[in-house]
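**Student:** The listed protein sequences correspond, in order, to chains A and B. When the letters of the first sequence are read in order and numbered with the numbering used here, they come out as residues 1 to 124. When the letters of the second sequence are read in order and numbered with the numbering used here, they come out as residues 1 to 124.
Because the hints were derived from the structure by calculation, they are not lab data. Check each hint, because a few of them may be wrong.
The calculated lysine-lysine pairs, modelled on DSSO-like cross-linking and capped at a C-alpha distance of 27 angstroms, are [what the hints assert, rightly or not]:
#, chain 1, residue 1, chain 2, residue 2
1, B, Lys71, A, Lys34
2, A, Lys50, B, Lys71
3, A, Lys71, A, Lys34
4, A, Lys71, A, Lys115
5, B, Lys115, A, Lys71
6, B, Lys71, A, Lys71
7, B, Lys115, B, Lys71
8, B, Lys59, A, Lys115
9, A, Lys59, A, Lys115
10, B, Lys59, B, Lys115
11, A, Lys50, B, Lys34
Protein chains: 2
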Amino acid sequence: MAASAESLASASVVGAQGPATTGQVVHTVYFWLKNPDSVADRDALIAGLKTLRQVPAVKSLHVGVPANTEKRDVVDNSFSVFELMFFDDLAGQATYQQDPIHLAFVENCSHLWDKVVVHDSFTV
Amino acid sequence: MAASAESLASASVVGAQGPATTGQVVHTVYFWLKNPDSVADRDALIAGLKTLRQVPAVKSLHVGVPANTEKRDVVDNSFSVFELMFFDDLAGQATYQQDPIHLAFVENCSHLWDKVVVHDSFTV
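Taking the hints into account, I'd like the entire structure generated from these sequences.
**Tutor:** Here you go:
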């Protein structure tokens, strides 16, 4: 019965054998600053992130700071700065990684952060 | 000197005393399924998330699954399903939490996940 259910589900748009491999990529990055109380460091990182808008592969860029939404066990707003990007596809994301503007950002700003967590998703 | 730098930075759009308290809210949620290999469970969660588009406070909704981007130390694509929403402001996000469509989603789908991590940001 389980095998049958799996078989039916394999008709799903996202495929049965793991994540989809085509389509729009949503790229989110959370930064924890080395000096979390430094407004100057935070603003330098924000300014650096905003240069990434010039990368042709980046279709949309949002930069954020933690919002003071209700404190709940599932909410982690301990990060300092947030970055959200959309790419047309996996190739766009790969191109971005090697773009000179992105490489300059990493060179100029990576000393600011202590920890970074990236998640990449395909829109379904 | 440090105090002076802090003082100058206080003119920043995001304020000197912590996160901004107005403006667009970006709400991201990462779900780890109880049965991560179940395509049926994943698709039930995806279908449930898509009902949230009907919540008036939700200005934009993207649902995703992990993308097979390059494996790097900073990339965590271990989650099963991703949700991204935009709200006009903090009040919109609070309204959403109590919306009957959202409450029905939690009632119908929360048995599917083992862990959920939420991050909320103000766009700067």
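**Student:** Hint by hint, say whether it matches the structure.
**Tutor:** Comparing the hints with the structure gives:
Distance hint between B/Lys71 and A/Lys34 is fulfilled; the C-alpha atoms sit about 24 angstroms from each other, no more than 27 angstroms. For the hint pairing A/Lys50 with B/Lys71, the CA-to-CA distance comes to about 25 angstroms; that is within 27 angstroms, so the pair holds. Taking the CA atoms of A/Lys71 and A/Lys34, the gap is about 24 angstroms. The hint holds against a cut of 27 angstroms. Taking the CA atoms of A/Lys71 and A/Lys115, the gap is near 22 angstroms; set against the 27 angstroms cutoff, the hint holds.
For the proposed pair B/Lys115 and A/Lys71, the alpha carbon gap of about 17 angstroms is at most 27 angstroms, so the pair holds. At roughly 32 angstroms between alpha-carbon atoms, B/Lys71 and A/Lys71 are farther apart than 27 angstroms, so this suggested pair is violated. As the CA atoms of B/Lys115 and B/Lys71 are separated by approximately 22 angstroms, the hinted pair is consistent with the 27 angstroms bound. With a C-alpha separation of about 30 angstroms, the suggested pair B/Lys59 and A/Lys115 falls outside the 27 angstroms cut-off, and the hint is violated.
A C-alpha spacing of about 25 angstroms is found between A/Lys59 and A/Lys115, which places the hinted pair at or below 27 angstroms, so the restraint holds. With a C-alpha separation of about 25 angstroms, the suggested pairing of B/Lys59 with B/Lys115 holds against the 27 angstroms cut-off. Between the alpha carbons of A/Lys50 and B/Lys34 the distance comes to roughly 37 angstroms, so the proposed pair goes past 27 angstroms and is violated.
Hints 6, 8, 11 from the earlier list are contradicted by this structure; the remaining hints agree with it.
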